[in-house]
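Visitor: Sequence:
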Amino acid sequence: MSNFILTINGSVKYTITIDPGVWIFDERKVDLDTYFSQERVNTEDLEVEKLAKAWSLHRQEGAAALTNGNRFTGSKKELTEKSFGIPLYPFINNAAPLEVAATVVFKRKNGEDFRCSLDEAKQAILGFSHKGKPLLEDGPVHFYFGNGTNKDRPVKNIIDIVVE
Numbered sequence: 012m013s014n015f016i017l018t019i020n021g022s023v024k025y026t027i028t029i030d031p032g033v034w035i036f037d038e039r040k041v042d043l044d045t046y047f048s049q050e051r052v053n054t055e056d057l058e059v060e061k062l063a064k065a066w067s068l069h070r071q072e073g074a075a076a077l078t079n080g081n082r083f084t085g086s087k088k089e090l091t092e093k094s095f096g097i098p099l100y101p102f103i104n105n106a107a108p109l110e111v112a113a114t115v116v117f118k119r120k121n122g123e124d125f126r127c128s129l130d131e132a133k134q135a136i137l138g139f140s141h142k143g144k145p146l147l148e149d150g151p152v153h154f155y156f157g158n159g160t161n162k163d164r165p166v167k168n169i170i171d172i173v174v175e
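Taken in order, the sequence shown gives residues 12 to 175; the numbers are from my numbering.
Note that these hints are calculated values from the structure, not bench results. Beta carbons are placed, not taken as given, at the ideal position from N, Cα and C, and that holds for glycine. Please note that the accuracy of each hint is not assured.
[Unchecked claim] Below, a list of computed lysine to aspartate or glutamate pairs in the DMTMM-like style, where the Cα atoms sit at most 20 Å apart: (1) 40 <-> 175; (2) 120 <-> 171; (3) 93 <-> 37; (4) 162 <-> 175; (5) 142 <-> 30; (6) 118 <-> 149; (7) 24 <-> 175; (8) 24 <-> 171.
[What the hints assert, rightly or not] Here are the simulated distance ranges between beta carbons: (9) 110 <-> 147: 36 to 46 Å; (10) 49 <-> 142: 12 to 22 Å; (11) 32 <-> 110: 15 to 25 Å; (12) 125 <-> 39: 17 to 27 Å; (13) 114 <-> 144: 29 to 39 Å; (14) 126 <-> 149: 15 to 25 Å; (15) 49 <-> 121: 28 to 38 Å; (16) 164 <-> 25: 27 to 37 Å; (17) 175 <-> 121: 15 to 25 Å.
Based on the provided sequences and hints, a complete structural model is requested.
Guide: Okay, structure coming up:
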């Protein structure tokens, strides 16, 4: 696989392959320069709210209106100057962790793996760009705790995500 593709695997029902390069067009992306200083609801609640809106639209307009809900918004300048991340929750949720799963291991290029609880991972943000550029040298993604406690020292060089 490419150096920029990673998977969520391990104690999950479905192995998920993710390409952080396409997240720049995902409406779920967050601005890392402001995200941790803003008040927000937890990522699981946001995902449930989004699904509820999609279901409501589906019921009102029929099956043809149901999509993944992504619409590209933003300016080219914004995309080329800002640093972005995306909530990890939807990806973990789609992988469907098994009942025995309690920990997530973030495999790193240097072999110094990072571990956190499954609950902490569900609240995390994965950084995928810095000042409009992909994380070529120390990526493809960086891990940020959802509460921002490591916003100045994210876990870098993550190449795989294993649910245990």
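Visitor: Take the hints in turn and mark each one as holding or not.
Guide: Right, here's what the structure says about each hint:
| no. | hint | verdict |
| --- | --- | --- |
| 1 | 40 <-> 175 | violated, 26 Å |
| 2 | 120 <-> 171 | holds, 9 Å |
| 3 | 93 <-> 37 | holds, 14 Å |
| 4 | 162 <-> 175 | violated, 25 Å |
| 5 | 142 <-> 30 | holds, 19 Å |
| 6 | 118 <-> 149 | holds, 13 Å |
| 7 | 24 <-> 175 | holds, 12 Å |
| 8 | 24 <-> 171 | holds, 17 Å |
| 9 | 110 <-> 147: 36 to 46 Å | holds, 38 Å |
| 10 | 49 <-> 142: 12 to 22 Å | holds, 19 Å |
| 11 | 32 <-> 110: 15 to 25 Å | violated, 33 Å |
| 12 | 125 <-> 39: 17 to 27 Å | holds, 23 Å |
| 13 | 114 <-> 144: 29 to 39 Å | holds, 32 Å |
| 14 | 126 <-> 149: 15 to 25 Å | holds, 19 Å |
| 15 | 49 <-> 121: 28 to 38 Å | holds, 32 Å |
| 16 | 164 <-> 25: 27 to 37 Å | holds, 32 Å |
| 17 | 175 <-> 121: 15 to 25 Å | holds, 20 Å |
Hint violations for this structure: numbers 1, 4 and 11, all remaining hints satisfied.
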